[in-house]
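Those protein sequences? They're chains S and B, same order as listed. Residue numbering for the first sequence follows our numbering, beginning at 20 and increasing consecutively. Residue numbering for the second sequence follows our numbering, beginning at 30 and increasing consecutively.
Hints in this document: simulated from the structure, not taken from any laboratory. Heads up, a few of these hints could be off.
[Unchecked claim] Derived DEER-like restraints, expressed as beta-carbon distance ranges:
(1) 340/B with 516/S: 36 to 42 Å
(2) 373/S with 174/B: 31 to 37 Å
(3) 239/B with 373/S: 30 to 36 Å
The beta carbon of each residue, even a glycine, is placed where N, CA and C say it ideally should be.
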Amino acid sequence: MPSPRLMTVVRLVLAAFAALAAFAAEALTADQVRAMAAGENDDRAAAIAAAAASGDPQAPAFLQALLDDAVRTAGDKVFVVRDGKAVDAASGAPATLPADAEDVVNSNRMRREIESALASLKLLSPDAAQRAAAIRELRDGADEARLPLIEKAWTAETDAALKAELGLLRASVLIGAAERGKRLEAAHTLAASDSPAIRALLLERLKPEAETDPEVRGRLQLALQSIESRLAWGERLGVAFTGVSLGSVLLLVALGLAITYGLMGVINMAHGELMMIGAYATWLVQNAFRSALPAYFDWYILAAVPAAFLASALVGAVLERGVIRFLYGRPLETLLATWGISLVLMQAVRSLFGAQNVQVENPAWLSGGVAAMSNLTLPFNRIAIIAFAALVLAALALLVARTRLGLFVRGVTQNRPMASCMGVNTARVDTYAFALGSGIAGLAGCALSQVGNVGPDLGQGYIVDAFMVVVLGGVGQLAGTVYAALGLGVLNKLLEGWQGAVLAKITVLVLIVVFIQKRPQGLFAMKGRSAEG
Amino acid sequence: MSAIPEVARTLPPPLGEGRGGGPRADEAPGRRPPSRPSPRGGRATWWVMVALLAICVLAPLLNLAVPAGHPLHLSDYAVALIGKIMCYAIAALAMDLIWGYTGILSLGHGVFFALGGYAMGMYLMRQIGRDGNYQSELPDFMVFLDWKALPWHWSLSDSFAATLVFIVAVPGLLAFVFGWFAFRSRIKGVYFSIITQALTYAAMLLFFRNETGFGGNNGFTDFKRILGIPIAQPATRMALFVLTGLTLVGFFLLARWIVASKFGRVLQAIRDAESRVMFTGYDPLRYKLAVWTLSAVMCGIAGALYVPQVGIINPGEMSPAASIEIAIWTAVGGRASLVGPILGAFFVNGAKSWFTQVMPEFWLYFLGALFIAVTLFLPNGIVGLLRRRAKPEEPA
């Protein structure tokens with residue numbers, strides 16, 4: 020249909036002149052608006068890109084309207100319809116929408132074009148946050164077409180950090196420029212980056228067919244090296260963080276054992292299952308909050324912590340009264356009996372809640388993380404567990420060192436008959452101490468529910484590790500447990516980066532076995548012949 | 030902690046040692062007069078021998094000669110089950126030597142069992158030849174992993190003679206090296222148990238990996254023949270069955286001889302008071318190492334007999350749970366009696382197959398309760414119970 024199109028063009032030109040006369044120089048013309056809203060996709064894309072490059076202050080609003088499907092065309096007129104009211108897109112004057120107005124349909128490709136045009140326009144937004152967001156959006160898709168706009172934004176930018184970002188953005192475009200000088204300058208600028216994306220870009224440019232100039236190649240190499248050394252720091256810190264994080268989990272798991280095994284000498288193979296009970300208690304509290312108090316769902320974890328402690332402590336107290344009491348001084352028998360208990364507990368949980376894993380959600384404030392470096396994000400739940408482990412450790416140390424119960428526990432551990440003669444109810448102290456150790460296992464389970472799967476065999480995966488920590492740290496001292504847990508955690512993660520998770524674990528186990536060969540007595544604080552049991 | 034508890038801890042045990050049967054008796058094997066009935070010539074021993082030999086003779090007859098449908102016919106399932114349990118009984122007997130008679134509880138015997146099984150499994154995999162799914166000379170899982178040649182540790186796996194050597198040598202060597210380090214630094218009691226558990230756990234993780242070259246998660250299965258004879262053929266199965274039974278009888282006699290010998294006496298002395306054995310001039314290291322290695326070899330042979338009968342071996346056999354189960358067979362039957370472990374293996378595994386058929390969800394309850402009940406009420410296991418019945422006037 021050439022003739023109506025020709026007609027519209029003529030009328031459009033006329034209208035454009037009229038518009039030019041009516042408005043200031045920096046404004047969208049009806050011509051531009053028309054070109055962006057109607058016609059072939061390629062023409063529209065070109066018009067949108069041109070509008071974006073011009074940095075026109077009116078363009079963002081119109082592009083947003085296009086993206087929101089709020090634009091109608093009728094003949095040569097373009098309207099923006101919002102809340103039922105139509106305005107002329109070019110002049111902004113209120114207008115009545117003609118009956119034959121058609122929607123502007125945007126294909127996915129057009130949407131992408133509009134979005135990236137919007138992003139580049141936002142580079143000039145007065146709002147610094149918007150500019151920062153725009154830079155982030157452009158990082159992946161910047162090309163030569165956007166260069167003028169980026170340069171414009173770069174010169175206009177006042178915020179130092181954003182200016183540096185824009186400089187990197189500009190350099191990442193210029194690195195492919197035709198002139199050698201620009202490429203050199205870009206390579207120089209890029210050396211200041213710390214982002215893995217830029218590293219990938221540099222690697223791409225360093226391919227033999229991409230960059231041929233030897234001097235530019237040299238600069239690129241240098242830039243790559245400086246980025247990699249910066250990234251390496253992020254990686255190192257990442258390893259240290261995951262190591263400490265694993266260590267804090269191990270510490271939580273082992274603290275309970277440090278009491279039941281370290282202080283009381285009970286080999287509790289059901290320790291892992293007590294953790295599982297804590298995790299399931301957390302799950303139950305979560306469900307209760309979801310159904311009864313959905314408004315406070317984010318705070319269920321505060322109720323889950325004491326619930327997990329009490330649930331596991333209660334089960335622990337029952338176990339101590341029912342079974343373990345009769346096996347004091349027979350460690351091998353205790354080991355077998357508690358293994359039996361662990362089987363029963365696992366199967367009981369399977370019967371009650373099913374064999375499948377259950378879903379424990381992180382509260383909103385524990386999801387996500389803080390980006391410490393470009394390639395290092397510290398998840399909030401991991402940070403929370405490190406803090407939680409420190410809290411539990413401090414509370415336990417205070418309890419053992421400063422309270423009456425702690426005094427009794429120490430007294431009974433050190434000399435049972437003497438404590439008994441002094442009027443300490445040793446049997447009751449045993450129960451309390453075991454319940455305390457079990458309760459801490461429950462806390463560990465509550466913490467684990469935030470980072471891992473919660474299922475009937477949750478405890479099985481940790482029991483060997485936990486014993487390793489206690490055995491390595493030495494029996495009867497909390498400090499040893501702390502060193503061992505953190506040491507093992509960091510060592511494990513270090514080796515993991517080097518040789519993979521499974522081999523790392525095997526190496527750690529072998530190292531522990533070798534270490535115990537070297538220092539069998541030193542590791543176990545128990546000295547003298549009683550250690551022979 | 031301060032120095033005070035250490036001093037306090039050192040005080041009571043010497044008294045206990047002085048009294049002989051006091052707190053020291055709390056150590057491993059429980060409160061028992063040291064091996065009261067001489068293992069030689071006990072009536073129970075003869076009954077076990079007769080029963081095992083009878084099984085070896087009757088099972089083939091009832092399975093092969095009696096037609097199916099006849100009330101006396103023994104089903105293939107029952108034969109496979111009894112064959113499997115006899116392998117377990119060998120492992121339990123091995124556990125009894127090291128735990129019941131020497132007082133060393135190993136929670137890692139599963140690794141020796143599995144190593145023997147894997148040695149046999151490698152040979153059986155090679156025997157499949159080109160009959161696998163991919164018609165390749167390589168085992169199927171290697172084709173699947175896109176390996177082009179056998180890894181070095183498979184080089185002798187096509188020779189049955191070498192396999193026989195490996196079945197004995199690999200578990201034996203591992204046990205010897207591990208035991209030498211552990212016993213030399215005088216790791217004992219619970220610590221030794223926990224380290225052996227770590228050993229089998231580490232081995233399990235290693236065998237789970239595809240790169241290790243042992244079939245990863247799935248292990249070895251789909252065996253076709255052994256020594257060129259089809260493995261699923263009734264006569265082959267029966268031969269393996271009888272071989273297992275005779276091996277069990279052989280090991281039973283060997284254990285009986287060991288326990289009654291001077292060597293065995295020293296082992297029991299080590300169990301009851303290791304320090305005193307040392308002070309009287311014996312070196313416990315050699316004795317412990319010898320019986321530990323022998324026990325591992327027995328387990329390896331049991332594993333090698335187990336694999337062709339069950340038709341599969343995977344790293345699950347190395348899980349800590351599997352190893353603890355070996356200990357519970359021994360404990361249920363009765364430690365420090367040679368009849369006990371065999372009875373225990375039959376009782377626990379018989380119960381297991383009954384439970385898993387009739388009410389699988391209750392099996393773990395039963396097993397768990399068994400662990401608790403045996404440790405609390407039956408320190409001498411079924412054998413202790415029977416002895417108490419037989420001689421009610423003598424407190425067990």
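Each hint, compared with the structure:
| no. | hint | in the structure |
| --- | --- | --- |
| 1 | 340/B with 516/S: 36 to 42 Å | holds (40 Å) |
| 2 | 373/S with 174/B: 31 to 37 Å | holds (35 Å) |
| 3 | 239/B with 373/S: 30 to 36 Å | holds (31 Å) |
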